[in-house]
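Enquirer: Each chain is listed here by its residues.
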Amino acid sequence: MSRLETRGLVIDVPGRADGRALDLCLAPEQVWGVLGPNGAGKTTLLHTLAGLRDPRAGQVELDGQPLANLRRRRVARQLGMIFQERQDGFPATVLETALIGRHPYLSAWQMEGGDDVRLAEEALERLDVAHLKHRLVNTLSGGERQRVAIATVLTQSPQLWLADEPTNHLDLHHQTAVMALLAEQSAAGKVVLMCLHDLNLAARWCDHLLLFYPDGEACWGPASDMLVPSALERLYDQRLATAEIDGAPVFVPAR
Amino acid sequence: MRRLTLPLALLLAASLAALALSAGVGSANLALGELWAVLGGGGDALSRTLILELRLPRSLSAFATGGLLAVAGALMQVLLRNPLADPYVLGLSGGAAVGALAAMLAGLGGMVISGSAFAGALLSTLLVFGLAHGTGSWTPSRLLLTGVVVAAGWGAVVTLMLALSPAERLPGMLYWLMGDLAYARTPMPSLLVLVLVCLLGFPLGRSLNVLARGPMQAAALGVAVRPLEWTIYITASLLTAMAVTTAGSIGFVGLVVPHMLRLVLGNDQRLILPACALAGGTLLVLADTLARTVIAPEQLPVGVITALIGVPTFLYLLYRSR
Chain A
3 MSRLETRGLV IDVPGRADGR ALDLCLAPEQ VWGVLGPNGA GKTTLLHTLA
53 GLRDPRAGQV ELDGQPLANL RRRRVARQLG MIFQERQDGF PATVLETALI
103 GRHPYLSAWQ MEGGDDVRLA EEALERLDVA HLKHRLVNTL SGGERQRVAI
153 ATVLTQSPQL WLADEPTNHL DLHHQTAVMA LLAEQSAAGK VVLMCLHDLN
203 LAARWCDHLL LFYPDGEACW GPASDMLVPS ALERLYDQRL ATAEIDGAPV
253 FVPAR
Chain B
697 MRRLTLPLAL LLAASLAALA LSAGVGSANL ALGELWAVLG GGGDALSRTL
747 ILELRLPRSL SAFATGGLLA VAGALMQVLL RNPLADPYVL GLSGGAAVGA
797 LAAMLAGLGG MVISGSAFAG ALLSTLLVFG LAHGTGSWTP SRLLLTGVVV
847 AAGWGAVVTL MLALSPAERL PGMLYWLMGD LAYARTPMPS LLVLVLVCLL
897 GFPLGRSLNV LARGPMQAAA LGVAVRPLEW TIYITASLLT AMAVTTAGSI
947 GFVGLVVPHM LRLVLGNDQR LILPACALAG GTLLVLADTL ARTVIAPEQL
997 PVGVITALIG VPTFLYLLYR SR
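Each protein sequence line maps, in turn, to chains A and B. All residue numbers for the first sequence refer to the numbering used here, where the first residue is 3 and numbers rise by one. All residue numbers for the second sequence refer to the numbering used here, where the first residue is 697 and numbers rise by one.
Mixed in with the good hints there might be a few duds.
Where chain B lies over chain A, by a calculated footprint (3+ residues, C-beta under 8 Å) [said to hold, decoys possible]:
id	segment
1	46-54
2	75-87
3	106-119
Over 12 Å on every C-beta distance to chain A, these chain B residues come out as not near it, computed from the model [to be verified]:
id	residue
4	LEU702
5	ALA710
6	ALA727
7	LEU731
8	ALA733
9	GLY739
10	THR745
11	LEU746
12	ALA815
13	LEU818
14	MET869
15	TRP926
16	LEU934
17	ILE1005
To be clear, the hints were calculated from the coordinates, so they are not data collected in a lab. C-beta atoms are modelled at their ideal positions from N, C-alpha and C, and glycine is treated no differently.
Using the sequences and the accompanying hints, generate a full structural model.
Expert: So, in structure tokens, the structure goes:
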């Protein structure tokens, strides 16, 4: 079990004032959603939490140790990241792509073995892309590529999942399947934090929310405290109509 | 493991066959039996001199040069995540050419030309990477563009030097610019470096595979990206400088060989790097054999042959590819 904490963290969005420093504590079995309009710095926050980008101030701690002091290989065994943008400069098959999730666990001279292939195949099966395993990734549709990317992180099997718009390009049923997968991870004692565009996915699947305003202001806490229509309307500068379905609030833009 | 060993074994067999062919063919053709006798320490004195002192050093130099260029190209392509990257596109050979031509223009010869070419290649490396680094961001497209522009600049300097040089020096300079193995006599250092790079490339191979998917993804999967990028760039520069120093400017090997192999073998660097060494070497040995026999006793610059073979092969493979 791992936890991720931030101490006085200010992410570095060029040309923006510091705003509110973040003191987050992401603990096992929590599912965090990050909400905010385009350009609020959601992706930058995720990259900073993963240690891929330096913060302007403060620090990120993984199990009590500053992330910046840890070796990348050690971090990669704890923390996995689903990126919003991917580069497929060279052709690679779906199975090869999922297999790179095993990279942090293999020594330099070690080849991927049968066990590694089995883990990757199980992950592909779980994301419903196993039938594509010999296809080249660059010939797949956007949604299929997204599921391959998630399968890669599932192969990596981290304690902490950082997901940047994990439901991008996905059909409704695959959106639900991916959210269910993330919920299952958290139920198994892992930490999940994801950026989302869709308020209703956040309302349904996240138990904690971080609202990120374009000026750097932020507030966070349990989802029930954060899903206040007035706060959400201020976040997106958009009037909302609210209803309740299956015990969870549903938000629809009002005209 | 078989996935790696089978293609490499086939390529190794092809390399040995190419080397045997190039040692046997020439002004006096030798049968395979004579070749074998000489390598075993026998044979008559004439064949011994011909093979051990003339043909074999030249063939091995060709092999090493081709291997170095292909491996350097493959590394550059991973670094820039662009299959079009190659030491020549990035201006390394341009720098080397200017260095070598300056030495020739000054009337210096032999080792000075080599050293000057080496210095030119390294200067070009520093120039391209320093300029592309600029204010801190180091994107592949910026690096590639900087390299292309620097290469164009070197091209202009080369043309200027050719225009200013006395007529009697021109043939030597032109030959050098098109790549020439006629004076390559010491293959051992290059061969050693080639073997060393292939051995060191294996443990780095999986990290390179991950890096090929972008620096962010690589870092998220546990690769120390910046040190790895510097290692690749410096290694590729040294390999190129070494190749250029041995044989002048030979284009196309660094671009065509890795690309052809990736089309056939996929993109696992643990396989691609040694395969590039073998296939690049084989290609240049065959090209050099052609270059010195086609219009014998005259010789063609080997760079012309690599381009004449490389261009149509490359276009055909591209046309046929998935």
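Enquirer: Output the numbers, in ascending order, of every earlier hint that fails for this structure.
Expert: none
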